[in-house]
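**Q** For reference, the chains in residue letters:
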Amino acid sequence: MRIVLTSTSPGLEAAIDPRFGRADYFLVVDIDTLEWEVHTNLGANAAGGAGIKAAQCIFNFNVAAAISGEFGPNAFDALQAAGIAMYRYGDCRTASQAIERFKVGQLEKIGAPTRQGHHGRG
Amino acid sequence: MRQLVILSGKGGTGKTSLAAAFAHLAYAGPSVLQAVLVDADVDAANLDLVLRPNRRETHDFTGGSVAMIDPQLCQGCGNCEQVCRFEAIVLPTHTQPAYAVDAIACDGCAACVYQCPEDAIHMEPQTAGRWYRSESRYGPLFHADLYPAQENSGKLVTLVKQNARLLALDTNSQVVIVDGPPGIGCPVIAAAAGAYLALIVTEPSLAGIHDLGRILQTTTHFHIPALVIINKTDIYLEGTTQIEAVCSELGIEVIGRIPFDPAVTEAMINGEPTTAYRPEAPASQAMTAAWQIVAARVNGTEAAHDDS
Amino acid sequence: MIITIASGKGGTGKTTVAASLAISLAAEQPPPPLFLDCDVEAPNAHLFLHPKLDKQQDVALLIPSVDETRCTHCGKCAEVCQYHAITVLGQKTLVFPQLCHGCGSCAALCPEKAITEIPNRMGILEHGLGRDGVAFARGVLNLGEPMAVPVIRHLLAWAQPASGQVVLRDASPGTSCPVVATIRGSDYLLLATEPTPFGLHDLRLAAQVAAKLGIPAGVIINRENSPYPDMDAFCAEKRLPVLLRIPFKRAIAEGVAQGKTLLDIHPEYGDCFRQVFRHISRRL
Numbered sequence: 000m001r002i003v004l005t006s007t008s009p010g011l012e013a014a015i016d017p018r019f020g021r022a023d024y025f026l027v028v029d030i031d032t033l034e035w036e037v038h039t040n041l042g043a044n045a046a047g048g049a050g051i052k053a054a055q056c057i058f059n060f061n062v063a064a065a066i067s068g069e070f071g072p073n074a075f076d077a078l079q080a081a082g083i084a085m086y087r088y089g090d091c092r093t094a095s096q097a098i099e100r101f102k103v104g105q106l107e108k109i110g111a112p113t114r115q116g117h118h119g120r121g
Numbered sequence: 000m001r002q003l004v005i006l007s008g009k010g011g012t013g014k015t016s017l018a019a020a021f022a023h024l025a026y027a028g029p030s031v032l033q034a035v036l037v038d039a040d041v042d043a044a045n046l047d048l049v050l051r052p053n054r055r056e057t058h059d060f061t062g063g064s065v066a067m068i069d070p071q072l073c074q075g076c077g078n079c080e081q082v083c084r085f086e087a088i089v090l091p092t093h094t095q096p097a098y099a100v101d102a103i104a105c106d107g108c109a110a111c112v113y114q115c116p117e118d119a120i121h122m123e124p125q126t127a128g129r130w131y132r133s134e135s136r137y138g139p140l141f142h143a144d145l146y147p148a149q150e151n152s153g154k155l156v157t158l159v160k161q162n163a164r165l166l167a168l169d170t171n172s173q174v175v176i177v178d179g180p181p182g183i184g185c186p187v188i189a190a191a192a193g194a195y196l197a198l199i200v201t202e203p204s205l206a207g208i209h210d211l212g213r214i215l216q217t218t219t220h221f222h223i224p225a226l227v228i229i230n231k232t233d234i235y236l237e238g239t240t241q242i243e244a245v246c247s248e249l250g251i252e253v254i255g256r257i258p259f260d261p262a263v264t265e266a267m268i269n270g271e272p273t274t275a276y277r278p279e280a281p282a283s284q285a286m287t288a289a290w291q292i293v294a295a296r297v298n299g300t301e302a303a304h305d306d307s
Numbered sequence: 000m001i002i003t004i005a006s007g008k009g010g011t012g013k014t015t016v017a018a019s020l021a022i023s024l025a026a027e028q029p030p031p032p033l034f035l036d037c038d039v040e041a042p043n044a045h046l047f048l049h050p051k052l053d054k055q056q057d058v059a060l061l062i063p064s065v066d067e068t069r070c071t072h073c074g075k076c077a078e079v080c081q082y083h084a085i086t087v088l089g090q091k092t093l094v095f096p097q098l099c100h101g102c103g104s105c106a107a108l109c110p111e112k113a114i115t116e117i118p119n120r121m122g123i124l125e126h127g128l129g130r131d132g133v134a135f136a137r138g139v140l141n142l143g144e145p146m147a148v149p150v151i152r153h154l155l156a157w158a159q160p161a162s163g164q165v166v167l168r169d170a171s172p173g174t175s176c177p178v179v180a181t182i183r184g185s186d187y188l189l190l191a192t193e194p195t196p197f198g199l200h201d202l203r204l205a206a207q208v209a210a211k212l213g214i215p216a217g218v219i220i221n222r223e224n225s226p227y228p229d230m231d232a233f234c235a236e237k238r239l240p241v242l243l244r245i246p247f248k249r250a251i252a253e254g255v256a257q258g259k260t261l262l263d264i265h266p267e268y269g270d271c272f273r274q275v276f277r278h279i280s281r282r283l
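So the sequences go chain by chain: A, B and C. With numbering that gives the first Met the number 0 applied, the first sequence covers 0 to 121. With numbering that gives the first Met the number 0 applied, the second sequence covers 0 to 307. With numbering that gives the first Met the number 0 applied, the third sequence covers 0 to 283.
Please note: incorrect hints may appear among the correct ones.
Derived Cβ-Cβ restraints for the label pairs, each shown as a range [said to hold, decoys possible]: (1) K91/C with L41/A: 12 to 22 Å; (2) G270/B with A63/A: 31 to 41 Å; (3) Q274/C with D23/A: 25 to 35 Å; (4) Q55/C with T92/B: 35 to 45 Å; (5) E67/C with T240/B: 26 to 36 Å; (6) P224/B with S225/C: 53 to 63 Å; (7) D186/C with E117/B: 15 to 25 Å; (8) E265/B with D186/C: 33 to 43 Å; (9) N44/A with A161/C: 20 to 30 Å.
Dumping the calculated EDC-like pairs for lysine to aspartate or glutamate here, alpha-carbon to alpha-carbon at most 20 Å [what the hints assert, rightly or not]: (10) K248/C with D101/B; (11) K259/C with E265/B; (12) K75/C with D118/B; (13) K211/C with D101/B; (14) K91/C with E36/A; (15) K248/C with E237/B; (16) K248/C with E123/B.
Negatives, chain C to chain A, calculated, CB over 10 Å [what the hints assert, rightly or not]: (17) M0; (18) H49; (19) K51; (20) K91; (21) L212; (22) F233; (23) P240; (24) A250; (25) G269; (26) R281.
The set of hints was computed from the structure by calculation and includes no laboratory data. Idealized CB from N, CA, C, for every residue including glycine.
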């Protein structure tokens, strides 16, 4: 199974990035083999709708789930439409930790946006 | 770590003076909280005038892009002018035979780029301002200057706040204090996003009361709990009574009343927060009392919006 | 003639000055001026001019509506949208109305002609007659809507002056896009400021906007206790005439708080503002 995690730098032991829309990097990980690849987030610099651009970006990675600190309402709508499940990091500090917790079902799954939007959607 | 945003609706009610006082009180006490400071009024950033910080980092800010027409490639078909909805295309003249873009009017939609049959138009990113990380006496300050006549102030506000947030998380700070802009539109929404608590600074004038209604409806719309503080209470006592009645009806607490006090302006001219400049002044005492309430709320354990 | 009253910093007395100027001109020769409250996020001028608002019009942006039966999910709309207001994820096309700027690109470029545009209400325009015969119009942005500029642009197109009627535009605080949208096309810019470091800092920015737009400007210094040398020096340096100095007086502050114009408090201000207007007329 492939999942994506937001990170501040390329690496499973690097500090996680709590933002989804403006995260610096996306780590795409096969949780069974632990093979991973890193992608820069093209949405990070968007004037508006960064969450949407980020969602579009990860849609092409063929992942079943996304782990981040928070998902704004636009990102939430986009990922939900794309059928990608969303989970929160909680107090995980690295992607490795989050992957371990995810595998045993210890990460919180999200059913609604976790923060207000920056551009007018409440 | 929680975000406190200071808003007003109407401009000139005293947000920045209060934000500066809170920065001082968070540092010096009573009610010490480790704070990171943000001036989110990027159109007209004034907080650094009273905090007088040392600048540590400066970054260019790229806002949106504007369209540019290559006069060599333009064949004068006028399609761009037809499709532009922002009146941003300048018609050719006898001195300038190609079509051109009015950079100030251009919204950056790129409709003309995609619909120019000669591919004569491209989008050019604009440096719209700068943001800074500075160090003040009371803690780190993130602020910015949007160049005059620029757009995307919401994006710049978000950028400044995100950087403050990341630093606050890294340094285990307890609060990010955001000095917000006036109004209720995009920069205010950006400033308020993610706030645990909004403190609305109002004044007892008809205009102040009217705009208080609009900003309170805005914070409610975005599910941000709000507290109100009345500044310059004695200029229209009837107005103060009205504000209290409105807040009571809406279930919003009024946590402070600051009298009109020349010490506030004197402190500003002196480049200091009022509470540092003259702690015994009536305004300082009221601000200090208000801070203690706000600090307790920010530090409290009731779940409103967890942002740790 | 179009005069815009702006400031940079909030709370310096734009609306007070603008309303006072309107009443001063209404007393002179007909027709009374047209007053446009362009602070669409927090409009206040009605508190001074008491208009009977009897004409209204919605402000709507055209946003995309996708016909899913024609949509092939090719993604062209998402590619051209600079605001990420429309996106394609697999077999779903999503629209985010509040990010949309109404540019029409997606509809124009959809190869299947699957996108039509539908109005999305974001504000309202209102028109009516105020006190002393002042014609009044304003725009009000709907709560929760981020963009003020479309409402301002619609207001300026909708509220047209009669022949020979002076137009006064009351701007919002700040110096970014809503203020620019208000100032554009004006003949003169009156900058209301206060003699403090905050006031001067923001006056510099406002003056830069005026210069950038090529519009002549003058300054009104409000709430003056004693002259602020740095501000006077700045105005002299930039050749910004100081057209009026209004002293700080509790009587004025209290009166304004209750919706009184400067002339209601001190009738001599009528002559002061008419003189300001004459200076502007001569300058143009």
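**Q** Hint by hint, note whether the structure agrees.
**A** These are the hints, each one checked on the structure:
| no. | hint | verdict |
| --- | --- | --- |
| 1 | K91/C with L41/A: 12 to 22 Å | holds, 20 Å |
| 2 | G270/B with A63/A: 31 to 41 Å | violated, 56 Å |
| 3 | Q274/C with D23/A: 25 to 35 Å | violated, 59 Å |
| 4 | Q55/C with T92/B: 35 to 45 Å | holds, 40 Å |
| 5 | E67/C with T240/B: 26 to 36 Å | violated, 56 Å |
| 6 | P224/B with S225/C: 53 to 63 Å | violated, 42 Å |
| 7 | D186/C with E117/B: 15 to 25 Å | violated, 37 Å |
| 8 | E265/B with D186/C: 33 to 43 Å | holds, 39 Å |
| 9 | N44/A with A161/C: 20 to 30 Å | violated, 48 Å |
| 10 | K248/C with D101/B | violated, 44 Å |
| 11 | K259/C with E265/B | violated, 27 Å |
| 12 | K75/C with D118/B | holds, 17 Å |
| 13 | K211/C with D101/B | holds, 12 Å |
| 14 | K91/C with E36/A | violated, 27 Å |
| 15 | K248/C with E237/B | holds, 19 Å |
| 16 | K248/C with E123/B | violated, 50 Å |
| 17 | M0 | holds, 36 Å |
| 18 | H49 | holds, 32 Å |
| 19 | K51 | holds, 32 Å |
| 20 | K91 | violated, 5 Å |
| 21 | L212 | holds, 23 Å |
| 22 | F233 | holds, 33 Å |
| 23 | P240 | holds, 38 Å |
| 24 | A250 | holds, 41 Å |
| 25 | G269 | holds, 43 Å |
| 26 | R281 | holds, 44 Å |
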